[in-house]
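Chemist: From just these sequences and the hints, can you work out the full model?
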Amino acid sequence: MDDLKIEDLDLYELLEIEISSTVADPIEKKLCNAILTKILMMSMLGKKFHQLSKALEVLTDEAARAAYDKVLRGKKEAALRHKELDGKRRKLKEDLEAREKAAGKYTTKKSADELLREEIERLRKEGSKQVEEEVEYVKRKLREEQQLNTEYWDGSKHRIKIKWSANKEDATNGGYTQEMLQRFLSKVIH
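According to full-length UniProt numbering, the residues represented by the sequence shown are 1 to 190, in order.
Some hints could be false.
Result set (DSSO-like, lysine-lysine): computed pairs, CA atoms no more than 27 Å apart in a straight line [stated by the list, open to error]:
| no. | residue 1 | residue 2 |
| --- | --- | --- |
| 1 | 91 | 101 |
| 2 | 101 | 70 |
| 3 | 129 | 139 |
| 4 | 70 | 48 |
| 5 | 168 | 139 |
| 6 | 141 | 125 |
| 7 | 48 | 75 |
| 8 | 93 | 70 |
By construction, these hints were calculated from the structure, which means they are not laboratory data.
Modeler: Structural data, given as structure tokens:
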């Protein structure tokens, strides 16, 4: 019922009142009649009640009523001019209006489709850009880790100090040879 176009209705005819009359009493009367009569189909009752509610909204607000009256007068004058046209010109005018209406719907739909395509394309590009940024970030982190792992070896940071008892005159150096020490330390060095 939200698709009710108030400008397509003649609110005065709906309420069965004149343009110059006050609105409050006839509206209340119509609303009561619409509720109490309970037309056979509930959808018709709902539609009628909705129309009457919208009519009440528009006709009780002075600015809205003035705007509605202006539109209604314009429509009535256009209808009067249309009646004055002869048959052939009337047919041409109706055909032209129908084509304009059809073209307007097509143009609106086309532009909505184009907007949708543009939005999808924008989201796709944005997603691609985010993926590229994430890949670049991961590559940068890997390069940084490799640089940290391949730093030069600093002997001052990696020293092992070994002490044992041996006399300075001992030729065997307390029983340890260079080969023995390398074998013991190979587990730590490599």
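Chemist: It remains to establish, for every hint, whether it holds in the given structure.
Modeler: Status of the hints after comparison with the structure:
no.	hint	in the structure
1	91 / 101	holds, 15 Å
2	101 / 70	holds, 23 Å
3	129 / 139	holds, 15 Å
4	70 / 48	holds, 24 Å
5	168 / 139	violated, 57 Å
6	141 / 125	holds, 24 Å
7	48 / 75	holds, 22 Å
8	93 / 70	holds, 23 Å
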